[in-house]
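Chain A is fixed; fit chain B onto it per the hints.
These protein sequence lines map, in sequence, to chains A and B. Read in order, the letters of the first sequence are residues 1 to 324 in UniProt numbering. Read in order, the letters of the second sequence are residues 1 to 324 in UniProt numbering.
If you are wondering where the hints come from, they were derived from the structure by calculation, not from laboratory data. You may find that some hints are simply not true.
[Stated by the list, open to error] Quick list of the computed label-pair ranges, beta carbon to beta carbon: (1) B:ALA9 - A:ALA305: 29 to 37 Å; (2) A:GLY17 - B:ALA263: 23 to 31 Å; (3) A:ASP302 - B:GLY17: 19 to 27 Å.
As the structure is a computational prediction, the values presented were derived from the model and not from experiment. Virtual Cβ for every residue (Gly too), placed ideally from N, Cα, C.
Number of protein chains: 2
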Amino acid sequence: MAAPDPFPAGATLADVGEFGLIGELTRIFEQGEHVLVGPGDDAAVLRVRTGHVVVSTDLMVEGRHFRREWASGEDVGHRAAAQNLSDINAMGGRATSLTVGLAAPADLEAQWALDFARGFADECALVGASVVGGDLTRADQVVVAVTVLGACTVSPVLRSGARPGDVLALHGRQGWAAGGLAVLGRGFRSPRVLVEAYRRPAPPYDAGLVAAEAGATSMIDVSDGLLAEAAHLASASGVAIDVRRGAFEVPEPLHAVGAALGADPLSFVLGGGDDHALLATFEPSGVPDGWAVVGEVTEPGDAGAGAVTVDGAPYDGPTGWTHF
Amino acid sequence: MAAPDPFPAGATLADVGEFGLIGELTRIFEQGEHVLVGPGDDAAVLRVRTGHVVVSTDLMVEGRHFRREWASGEDVGHRAAAQNLSDINAMGGRATSLTVGLAAPADLEAQWALDFARGFADECALVGASVVGGDLTRADQVVVAVTVLGACTVSPVLRSGARPGDVLALHGRQGWAAGGLAVLGRGFRSPRVLVEAYRRPAPPYDAGLVAAEAGATSMIDVSDGLLAEAAHLASASGVAIDVRRGAFEVPEPLHAVGAALGADPLSFVLGGGDDHALLATFEPSGVPDGWAVVGEVTEPGDAGAGAVTVDGAPYDGPTGWTHF
Chain A
1 MAAPDPFPAG ATLADVGEFG LIGELTRIFE QGEHVLVGPG DDAAVLRVRT
51 GHVVVSTDLM VEGRHFRREW ASGEDVGHRA AAQNLSDINA MGGRATSLTV
101 GLAAPADLEA QWALDFARGF ADECALVGAS VVGGDLTRAD QVVVAVTVLG
151 ACTVSPVLRS GARPGDVLAL HGRQGWAAGG LAVLGRGFRS PRVLVEAYRR
201 PAPPYDAGLV AAEAGATSMI DVSDGLLAEA AHLASASGVA IDVRRGAFEV
251 PEPLHAVGAA LGADPLSFVL GGGDDHALLA TFEPSGVPDG WAVVGEVTEP
301 GDAGAGAVTV DGAPYDGPTG WTHF
Chain B
1 MAAPDPFPAG ATLADVGEFG LIGELTRIFE QGEHVLVGPG DDAAVLRVRT
51 GHVVVSTDLM VEGRHFRREW ASGEDVGHRA AAQNLSDINA MGGRATSLTV
101 GLAAPADLEA QWALDFARGF ADECALVGAS VVGGDLTRAD QVVVAVTVLG
151 ACTVSPVLRS GARPGDVLAL HGRQGWAAGG LAVLGRGFRS PRVLVEAYRR
201 PAPPYDAGLV AAEAGATSMI DVSDGLLAEA AHLASASGVA IDVRRGAFEV
251 PEPLHAVGAA LGADPLSFVL GGGDDHALLA TFEPSGVPDG WAVVGEVTEP
301 GDAGAGAVTV DGAPYDGPTG WTHF
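So here's chain A without its partners, still in its complex pose (with noise of 0.2 Å):
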């Protein structure tokens, strides 16, 4: 059974203050064996077998990639976690250990930074990894910002490695958290499937490792948009991509969003991102099971290196977001 709430109803951080918070916050992270000292000194240590550890950081404002009032803390603790956690999955690895700063108003209900807290380590629970420190502090807006540690047991997938001829292949629902987001900016909370994936995106954290294994020749997580990763991926290979629109089932209730809003609903499935699919290239022959093939990896046309097509010709939509 879950231990009852510490805090009064209401009380903010200022009423419980920072040391009594942390106490609190540091009861709710469980330590996973390799952490030979956890939160409270001014170091975290963590045994590492593997010879290497696969780091990656990110921050979340509010206003900007949250909104309290669009979902509770629990479900920023598991975007936050995601997001992270899906770019230890892009590399082909797992992840082992995280660190998060929150820096919060005075006046942010300290239930807030309790619930983030459990979603946090509960999406970190589905991997095995372990929150080993932090920092909170005050400030003008809520910030969290998440280093994450992991480790590979093959090679890392970089993006760097598509050649002409490979297949551009996607893993894991995509375009339903965008979905989600454009109902929610319009006031409404249904198709609810959709809205909940935005609160809590559901990464492929098992298909990262068996890219890697089947030999993946790049990889990237969708977090900004697929078109926009897609171009990552050519852009650090020197190649071109060019994506098929047939290649993508959409899903009925992105219909429905596409035909209430009058947007096409295949956009969110290419412009949209925070769903924390993989997108991975292979040969033809060795594309694992699960993975749609979405894609062709060509040499640079006249565009140049980097160039993303959609049936050969350039994409006149929103590809992703830019963050000024």
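For chain B alone, coordinates are given in the frame of chain A:
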């Protein structure tokens, strides 16, 4: 010779764009030979020869941890790196790799971000550490999120090993940054040596390993205030600590500030942070050169474990900084 600045004078983050800035920032960060995959992929990959990593994370928020009118971008970069490198120093280890997340308003000058990165890189170079990854996003105020990885060549020194009969010892200048912050807060820019100490701390990066090799029983770096950090050691170790006023040589510029502001100059030493001096406990016969004995570890008295006294009595001044 340094490369010329790549952006037109006054260009903002919005003007140069996320990817334009990331390209220039990445150019600033040189990679050590342990970096197998550097910035630009979903994650970095680092060689680890020691069988473990030491990891810590910190947030710095504009208006709370720094002000852009009090310190240049380069200064803030130095400070952000120093406070993280110091956390590894306080374990008796050495930093090898850092990630840095920068959240900033769209109208921030791109030059500030470049200056920040240069200061950050220069500070990391003092210990031979590489900046291996990062994230850049938009926020209402500047927030810097740093995670540092490192390694120990002897057993990490925790906060929890102090024993009654040990002495408390300090290495590095202490109170200087607090004096500098106090004069800046009142609109002055001198004594310059204190203002510079606040803008660019000079942590004793070699002292942590020396202390570990000498058998330090506990250690912490002074980021939030000497008495507050002593209380962390006492609390984690289940002991009490008495600090001796007469053990500190108060530097001349702090006397000047004390006189000008009507404050006890020793209060900057006892309550000030930000210099990232090291505070450690040793057996009385085991204090290494360069460390000043400033107190004693005792059995917990009536005030219980974690109590810190000054000359045997409770201290009534500020002991350190709290975040909420």
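Outcome of the hint check:
1. B:ALA9 - A:ALA305: 29 to 37 Å: Between ALA9 (chain B) and ALA305 (chain A), where Cβ atoms are some 32 Å apart, the hint holds.
2. A:GLY17 - B:ALA263: 23 to 31 Å: Check passed, 26 Å falls within 23 to 31 Å.
3. A:ASP302 - B:GLY17: 19 to 27 Å: For ASP302 (chain A) and GLY17 (chain B) the Cβ distance comes to about 24 Å; the hint holds.
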